[in-house]
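Please take these sequences and the hints and turn them into a complete structure.
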Amino acid sequence: MKYRIHHKTRYQYTLPVSHCYNLAYVLPRATERQRIDDIKIEVSPKVSTRVQHTDYFGNHFLQFSIEKDHSELEVSITSELSIKDNTGNINLDFGTPCAYVKYLLQNSKDWETLCAREFMLDSPMVQQHPDLADYAASSFSDDRPFLSAVMDLTQRIYKDFTYDPQFSDVATPLADVLKHKRGVCQDFAHLAIGCLRSLGYPARYVSGYLETLPPPGQEKLVGADATHAWFAVYSPGEGWYEFDPTNNTITGAQHITTAWGRDYSDVTPLKGVIFGGGHLPQLLVSVDVQRIADNYIFGL
Amino acid sequence: METRVDTSQGAFSYPSPQQGVDEAYDAEGQIRPYWRYLLHSLESLGHDTIEERQKKARRILRDDGATYKIYDEPDANQSWQLNPIPLLINSEEWNQIETGLIERAELFNLLLQDIYGERKLIRQGIIPPELLFSHQGFLRPCHGVKLAGAHQLILHGVDLVRAPDGQMRVMGDRTQAPSGAGYALENRTVMNRVFPSLFRDSHVHRLSLFFARLRQRLHELNPNGGIAHIVVLTPGIYNEAYFEHAYLANYLGFQLVQGSDLSVRNGYVWMKALDGLKRVDVILRRVDDVYCDPVELKGDSRLGVPGLLEVARIGHVAIANPLGSSVLENPALLRYLPAIARTFFGRELQIPSVKTWWCGNPDDLEYVCANLKDLLIKPTYRRPGLYEAYGADLDETKLLAWQNRIRKNPYQFAAQEYVAGAQTPTWHQGKILPRASVLRTFAVASESSYAVMPGGLTRVNLDTGKKIISNQRGSVSKDTWVLASEPEKQISLRPVDVQPINESGSALPSRVVENLFWMGRYAERAESALRLLRTVFIQLNRTEKLPDTVQRTLLSAVTHVTSTYPGFTSLQPALLKNPEPEMISIILDQQRMGSVANNLTAMINSAEQVKEQLSSDTQRVINDIGDELELLKTTLEPNALSAPEETLAPLITTLLAFAGLIHESMTRGNGWHFIEIGRRLERALQITSMLRSMLTARLDEVDQESLIESSLLCGEALIPYRRRYQNGIRIDQGLEMIMLNPRNPRSLIYQLIQLEHHFAELPDDHETFSTEQKLLLEATTALRLSNIKTLVKTTSGIRAELDQLLSRTQYLISSIAKTIGQRYFDHTEGPQLLVKNTHWQDQL
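Listed in order, the protein sequences are those of chains V and H.
Once you know that position 275 of the first sequence is 275 in the numbering used here, the rest is easy, because the numbers rise by one and skip nothing.
Once you know that position 664 of the second sequence is 664 in the numbering used here, the rest is easy, because the numbers rise by one and skip nothing.
It cannot be assumed that every hint is accurate.
[To be verified] Chain V is faced by these chain H residues, among others (derived, beta-carbon under 10 Å): (1) Pro-129; (2) Cys-142; (3) Gly-307.
[Unchecked claim] In silico DSSO-like cross-links for lysine-lysine, where the CA-CA straight-line distance does not exceed 30 Å: (4) H:Lys-272 x V:Lys-68; (5) V:Lys-8 x V:Lys-40; (6) H:Lys-466 x H:Lys-408; (7) V:Lys-109 x H:Lys-146; (8) H:Lys-120 x V:Lys-109; (9) H:Lys-55 x H:Lys-431.
[Stated by the list, open to error] The following label-pair restraints were derived from C-beta to C-beta distances: (10) H:Lys-408 x V:Ile-90: 36 to 44 Å; (11) V:Ser-76 x H:Gln-591: 49 to 57 Å; (12) H:Gln-124 x V:Ile-90: 28 to 36 Å; (13) H:Tyr-367 x V:Ser-76: 54 to 62 Å; (14) H:Gln-350 x V:His-180: 54 to 62 Å; (15) H:Ile-538 x V:Leu-15: 17 to 25 Å; (16) V:Tyr-163 x H:Gln-591: 48 to 56 Å; (17) V:Ile-39 x H:Met-593: 40 to 48 Å; (18) V:Tyr-163 x H:Lys-408: 27 to 35 Å; (19) V:Leu-15 x H:Ser-563: 25 to 33 Å.
Just so you know, the hints here were simulated from the structure itself, not pulled from any lab data.
Note that beta-carbon positions come from the ideal geometry of N, C-alpha and C, so glycine has one too.
In structure tokens form, the structure reads like this:
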């Protein structure tokens, strides 16, 4: 699949901002199944400095600063990329059983497993908790293939929780999400990560986009898409696998990856410090995922 | 050199150790030869002399403003505590220690590079991944950020303790902003002054070379070429070790700045100076790393510089120690250090660490929980409110609470064998007593390796009940004398290019200038208020009772001049009848805006902010001001006011001494100009305010005279007036003296003339008149053109012309003050985060 993605983030301030320093995690990264063909970056007003870096997790981020008065900031990214759909090759019911995954996590000496252990630990926004372990427990048993158990957890979150953008914001704690069984994709990803870590498995947060399809017979609306988030788990020897609890699925060709980290705080799409700006700036985000080809040709 | 003094054994009153090791005694119970001279000398000095020297030391420390804040004790600044008996280390042992410390610094440098680079130690299974990944000092945004040169770790501090076997062990490392080197230097300076001959004859290694090497290394770190502009970044006056920051900055010749003095522009770090931005090349950091940049690190930090990490990342500023180095302070690393040393060096370290367990290891966790009462519990990441604890100090309930805490977050805790430390001769309660000691040492990257300060900061607990030695827990410090076996060779370092200190001081941070300005204003405000209050007390205490109108006018003037409304202006009969409580409140009530105490506290705070700009004489006078104010709280009672001169005079005199010192011993740079501008503006405002409240209303001749007399008395102009006009007191002559006489240093016009001179010296293009100069010109001209005869004229009981002139002058002077503020001081609004609350985790 080949996509063109427009991702526009705009801040409107109630008072002028005299200068600002920002970090943006809005550039898609190359993965095993994703190839970046082209990226265009536009920041308005004119930046004073702009540098692209690769972070600790291998994500690309953009650092920029603006040093003149402005009351509006717009970061606009247009990227073209190709994604391979390999969902067909995945069979979740034949794989390493949970007990063995745990054993390998403690005893494997390979670099990938050692690194994955970082994602078993608490992170700024996701802390382990017995309630999370309790909720997740019924999906896991020693003999069950680990990935099948994770799919079961994904499905349960999908069924038990209501998607409700009114309920939560960036700052809603996990305990509230679990208690009220409501939230958005970011909350569900954090919830799944919290469950897995509480049971002793490595899980990380993935941010990106999802191609949404219009109802049959209707034109797709431009800008109707949104940034999306899901999670990935690690099974030693098998690698990382991604699951989307908001949509009850493993990720496929419609999931476009921007960045990953321990949780949202590692990959916040646009953060920074502003001087001035007044209170309550208005944030407008628009995402448009456009399919420009149905096939995928590697090595073009 | 050991044939100094013939000392017979057993002559010392210092007791030999009952148990454990003692620095002064060898294993056979004999006083070590290198301690003999010192102990013998102390013996011959005798009790009274040592006490007197200790007093002298205290006084010097206080005059130098040497303080250390203990966070749990609300009583602001503690004086730095120096015990007069140093710790001695002979040169033979020091050589071993030095080699061991250099080796350790090298290892920690490699460790730091590995942690933020390849992470080979994890890859090879030398350390468990969780040891690093769970540590809050591991700052992922710092991954790959590097300083130029072979060393990432520039400064390394180590806490050494002597174990019962007589060997030194390392208890812990300080790697993010090791504190204590400045205190060690101050201790040395004081000891040198208090025991000059003892010091001279002991052949002690000097400390200065260490600081010269530090200065040189910081210059070498300059990534931008040219002559490096180096600053010391401090969290500010509320930090425990602020004295040291100011002291080191001065000693090294660097500027002391706070986060808000710096700004990132165009990919570089700049200091906001009086006349614009000055690029900063190297930062000696005394702010904890997570607080240094709210963009990428702790978002709610007000101590950092937004965007700083990115500037370090692109290599446009060097920060020492680099951001992220606090990861090395994890005590759990000590458990793995032998293996780490084998990996990097192929052998273990010469100075071993104290035995340490990490609760993240299941076996260690069980051991620690089972033996908690014998162990020192150490959080792996230091933060305020979470201190280490010694199991033996805890009762069952507390031990259990600790166990639960540890089991809940095992990764976050380490435990250490408790090593009491060797006893060392310590002056306490008039005797030389043995007290356990810990030594903080310092190494700095130098040339291709590290250089160790010969000496360090020794700390002891005077209270033998306290088991943990730490300044935060009230330990006292000692100088550390490394004894040279032969007279020290002079080593000179390759000279570094140093920026000539800008004499005019235009490179001062705006914040510093602003504080100097306010220091001048507050000092003058307090002084004017005191002069008026003293005058009013004198008048009230006259044998003949004051006419009501005069008393009312004088008291109202007190309220007007000090702006402590409503006060006497409410004209409540009870208040006017018994004015003393209100007047005392205007002097002493610290919480009351406008009171003398309030202004003096503000003045002392401003002075604290600019500590590094003030001489030690000035510091002493500021201490005196604080002391006199404290004293007033006990002496100023209603009955003491029958002799108000005696009661208030000492404080007024100290304020005058302060003004005199500023005038006589500060270089005429911008800093000085701003103190003086502040003082002159304030005095001009006080004069106009006093005159308006006392002399604009017309009273009968006798009352009038008494008010003019009071005004003259306030401005110290009564005697010159009488000398000049021998015809009694008249309104026109009085006004001439107070307002228009350019030779009276307390006249209104004199203040304006002085301001003219200062304005001409400020950084400016000087092509055109600045706003403040124009305002001043108007004020001066109006005064000069005024006619005394017209001014004293009254219509319906009011001197309208006079009031108008004074009110216009007051307005103009206030406008000048405002313009100065807008033009020269920093007005950046505080930063705010674009996305809030994404880092909830902060507590355990």
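Checklist entry - Between H:Lys-272 and V:Lys-68, is the straight-line Cα distance small enough, at 30 Å or below? => result holds (17 Å)
Next on the checklist: Holds or violated: H:Lys-55 and H:Lys-431, Cα atoms, limit 30 Å.
Outcome noted: holds (15 Å)
Item to check | Status of the given 36 to 44 Å range, CB of V:Ile-90 versus CB of H:Lys-408 | outcome: holds (37 Å)
Item to check | Range hint compliance [Cβ, H:Tyr-367 to V:Ser-76, 54 to 62 Å] | outcome: Check passed, 58 Å falls within 54 to 62 Å.
Checklist entry - V:Lys-8 and V:Lys-40: Cα distance at most 30 Å? => result holds (12 Å)
Item to check | Given hint V:Lys-109 paired with H:Lys-120 - CA-CA distance at most 30 Å | outcome: Holds, at about 13 Å.
Item to check | Hint check for V:His-180 and H:Gln-350 - Cβ pair distance inside 54 to 62 Å | outcome: holds (60 Å)
Checklist entry - Given H:Gly-307 was flagged as interface, is its beta-carbon under 10 Å from a beta-carbon of chain V? => result Holds - the Cβ of H:Gly-307 comes within 10 Å of chain V, reaching about 4 Å at its closest.
Checklist entry - Should the interface hint for H:Pro-129 be scored as holding, given a Cβ-Cβ cut-off of 10 Å against chain V? => result holds (4 Å)
Next on the checklist: Against the 30 Å threshold, does the CA-CA distance of V:Lys-109 and H:Lys-146 hold or violate the hint?
Outcome noted: holds (29 Å)
Next on the checklist: Just to be sure I understand the hint, the distance between the Cβ atoms of V:Ser-76 and H:Gln-591 should be within 49 to 57 Å; is that true here?
Outcome noted: holds (54 Å)
Checklist entry - At the C-beta level, are H:Ile-538 and V:Leu-15 separated by a distance inside 17 to 25 Å? => result violated (54 Å)
Hint compliance for this structure: hints 15 and 17 are not met, and every other hint is.
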